[in-house]
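Residue numbers (full-length UniProt numbering), protein chains in the order written: chain A, 1 to 387; chain B, 1 to 334.
For the record, the hints were derived by calculation from the structure and aren't laboratory data. Every value quoted in this text rests on a predicted model; they were computed, and no experiment measured them. Please note that a few of the clues may not be correct.
What the hints assert, rightly or not - Below 20 Å or equal to it, Euclidean Cα-Cα: the simulated DMTMM-like pairs (lysine to aspartate or glutamate) are: (1) A:Lys165 <-> B:Asp60; (2) A:Lys165 <-> B:Asp186; (3) A:Lys72 <-> A:Asp129; (4) B:Lys185 <-> B:Asp56; (5) A:Lys72 <-> A:Asp280; (6) A:Lys165 <-> B:Asp26; (7) A:Lys44 <-> A:Asp251; (8) A:Lys165 <-> A:Glu97; (9) A:Lys165 <-> B:Glu52; (10) B:Lys7 <-> B:Asp186; (11) A:Lys165 <-> B:Asp56.
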Amino acid sequence: MTVMEQRGAYRPSPPPAWQPRMDPAPLLPDAEPHRVLGTEAAAKTDPELLRRLYAQLVRGRRYNAQATALTKQGRLAVYPSSTGQEACEVAAALALEERDWLFPSYRDTLAVVARGVDPVDALTLLRGDWHSGYDPYAHRVAPLSTPLATQLPHAVGLAHAARLKGDDVVALAMVGDGGTSEGDFHEALNFAAVWQAPVVFLVQNNGFAISVPLAKQTAAPSLAHKAVGYGMPGRLVDGNDAPAMHEVLSDAVQRARAGGGPTLVEAVTYRIDAHTNADDATRYRSDAEIEAWRAHDPIALLERELTARGLLDEAAIEAARQDAETMAADLRERMNQDPELNPMDLFDHVYAENTAQLREQRALLRAELEAEQEQHGEHGEQKGGTR
Amino acid sequence: MTTVAVKPATMAQALTRAMRDAMAADPTVHVMGEDVGALGGVFRVTDGLAKEFGEDRCTDTPLAEAGILGTAVGMAMYGLRPVVEMQFDAFAYPAFEQLISHVSRMRNRTRGRMPLPITVRVPYGGGIGGVEHHSDSSEAYYMATPGLHVVTPATVADAYGLLRQAIASDDPVVLLEPKRLYWSKDSWNPEHPTDVEPIGRAVVRRPGRSATLVTYGPSVPVCLEAAEAAQAEGWDLEVVDLRSLVPFDDETVCAAVRRTGRAVVVHESTGFGGPGGEIAARITERCFHHLEAPVLRVAGFDIPYPPPMLERHHLPGVDRILDAVARLQWEAEG
Chain A
1 MTVMEQRGAY RPSPPPAWQP RMDPAPLLPD AEPHRVLGTE AAAKTDPELL RRLYAQLVRG
61 RRYNAQATAL TKQGRLAVYP SSTGQEACEV AAALALEERD WLFPSYRDTL AVVARGVDPV
121 DALTLLRGDW HSGYDPYAHR VAPLSTPLAT QLPHAVGLAH AARLKGDDVV ALAMVGDGGT
181 SEGDFHEALN FAAVWQAPVV FLVQNNGFAI SVPLAKQTAA PSLAHKAVGY GMPGRLVDGN
241 DAPAMHEVLS DAVQRARAGG GPTLVEAVTY RIDAHTNADD ATRYRSDAEI EAWRAHDPIA
301 LLERELTARG LLDEAAIEAA RQDAETMAAD LRERMNQDPE LNPMDLFDHV YAENTAQLRE
361 QRALLRAELE AEQEQHGEHG EQKGGTR
Chain B
1 MTTVAVKPAT MAQALTRAMR DAMAADPTVH VMGEDVGALG GVFRVTDGLA KEFGEDRCTD
61 TPLAEAGILG TAVGMAMYGL RPVVEMQFDA FAYPAFEQLI SHVSRMRNRT RGRMPLPITV
121 RVPYGGGIGG VEHHSDSSEA YYMATPGLHV VTPATVADAY GLLRQAIASD DPVVLLEPKR
181 LYWSKDSWNP EHPTDVEPIG RAVVRRPGRS ATLVTYGPSV PVCLEAAEAA QAEGWDLEVV
241 DLRSLVPFDD ETVCAAVRRT GRAVVVHEST GFGGPGGEIA ARITERCFHH LEAPVLRVAG
301 FDIPYPPPML ERHHLPGVDR ILDAVARLQW EAEG
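Isolated chain A (complex conformation):
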């Protein structure tokens, strides 16, 4: 008999306000990443969707190769390739309706292009002629975000605003494994869950944040497990399995649209190329690791499935390849034209109306350009000089 029991007055009880908020079990991700290819579920997937995903994957792979080549020619300042991650990119775009919004990170050019943005405009940031080359409202794609995870709260705010207005718009926000360590990731997920905002967070876990492996990034069981702490479901999916990606994202989008709130999706994938052309990936990872992931290539996986089921023949494969080549040739040709730059644009979009200080500085630049033009004739300001 303990001392407490002897006294007889003490009854252990929880603090008065405490009660569990909800059962965490339904929020937990599956133990294994969700897969469709090579399972019975593949047979149930719409063949048309599978062919569409395939064509987009091939196109995306070619786009990555072309953009990487353009960095070598000095046409792009930098290009963060998503080779190996095309299934995540393509699925993110195809899971959305036209009225929905995409919030990409700097590596998500493919998703932006798959959403309908002109392939050249999607590269403007990386080419260096302007910070964003497309009208965000034209395709409902936010500008590519360079700071990590800072676009996630934007997605939450937009989705929340849309719901307040009575529109059934969903926002899908993309972030990498490294970005999950940022404070904005936490704040965005927390706001989304508290507000039950119609948002889908897609984490592309490609193994490395530049050189830092996931094990040094987080101690969580998986990134999808982080969802539980916010009170939203976490889903784990094979990021190289295009139909699985499409299915999981579409489910999350539908759930959000129906008022079910946000979902955190972790796509397990791998970045085959280095972080960018400025990175030396041999310093932090082995060839064997890369080869293992090459054997799990998203295009090869889907091609095998489609071929085995008679949904894809040599002619169709060749057609997809041709379509990608045409896109790449057009991209190459247009990117090899020098962009027309007007230095006076520097002052046009700082404020709705320029301040007196900016008007003075604008006049200074104009005078400099005119002096330059006088000295060099044709090298001076050529376009829009009358503005």
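Using the hints provided, position chain B relative to the given structure of chain A.
Chain B alone, transformed into the frame defined by chain A:
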């Protein structure tokens, strides 16, 4: 001409009224922040808004400044006009990345296609006996960020007028609210509440001939008090209230300094790297031949904001301002 009722009100009341009127006039105006709902803000500036307009329009957010401003960005993208309250000056720092990397640049990045009409209200400055992190003057950080307007009222009428203008602006505006003036009362004309100078214009609060005190926000009443005290010395001091730090009104400031030939810039913020250096340089560049003396600065010391029992030694007071005025060499005065 009809006589309009001019009644006394506090700055806090004028700010509340400004949000209330803006929300009533425009359903896209949303107020958000920590404790802005049931509590009405820790300074009660949002008092009654949640009750009148509902929690969807005056929203108690989770406690996270980056999240508050970051979600406001998305709301503005979708056509709303968020008015964000940062509870205290130093609490706004977690939101700096959103402010600097996104809020200030989104118009520029998108070539004008995605302007962000966000108002960020920041109670700032000392003098209320606040503990650490409750009394910072962070205006220099905001001023150094292109794309933001930075305004700060010193009068009840300006508090109302500038906040209404900030909410109506298609550009992001940081409204620095001098928290020690929240309870200051002055006459205010509720019939013509927006009848103040627009953002970007300074105002001569007191004309004078001997020297110009260039100041803003919480230091305006201090400078007016100093000008009164200076009369005993035979000095007739002019007081210019900047009202808007960005854009900066070179015209009004320089016209004033040219009239008097002498200038002292007064603010609570640190002197080194503070707004006074920029203002003094602008005056010197434009008025050099009119100056009878170097432009002086009376600012807070270059120290972390002091604990409340010592803050009176840090804040520029009447004596320190008058000492600076004395250093402007008065032999030229008749």
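Each hint tested on the structure:
Of the supplied pair hints, the one linking Lys165 (chain A) and Asp60 (chain B) holds, its CA atoms being roughly 19 Å apart against a limit of 20 Å. Taking the CA atoms of Lys165 (chain A) and Asp186 (chain B), the gap is near 39 Å; set against the 20 Å cutoff, the hint is violated. As the CA atoms of Lys72 (chain A) and Asp129 (chain A) are separated by approximately 17 Å, the hinted pair is consistent with the 20 Å bound. Note on Lys185 (chain B) and Asp56 (chain B): the hinted pairing is violated, with a Cα-Cα distance of about 31 Å set against a maximum of 20 Å.
Of the pairs offered as hints, the one joining Lys72 (chain A) and Asp280 (chain A) holds, with about 15 Å between alpha carbons and a cut-off of 20 Å not exceeded. Taken as a hint, the Lys165 (chain A) and Asp26 (chain B) pair is honoured in the structure, with Cα atoms around 14 Å apart against an allowance of 20 Å. The straight-line distance between the Cα atoms of Lys44 (chain A) and Asp251 (chain A) is roughly 15 Å, inside the 20 Å bound, and the hint therefore holds. A threshold of 20 Å between alpha carbons decides the hint, and for Lys165 (chain A) with Glu97 (chain A) the separation of about 18 Å falls inside it, so the pair holds.
Proposed proximity of Lys165 (chain A) and Glu52 (chain B) is supported: the alpha carbons are some 19 Å apart, at most 20 Å. With a C-alpha separation of about 8 Å, the suggested pair Lys7 (chain B) and Asp186 (chain B) falls inside the 20 Å cut-off, and the hint holds. A hinted pair counts as satisfied when its Cα atoms are at most 20 Å apart, and Lys165 (chain A) with Asp56 (chain B) qualifies at roughly 10 Å.
Against the hints set out earlier in the document, violations occur for numbers 2, 4.
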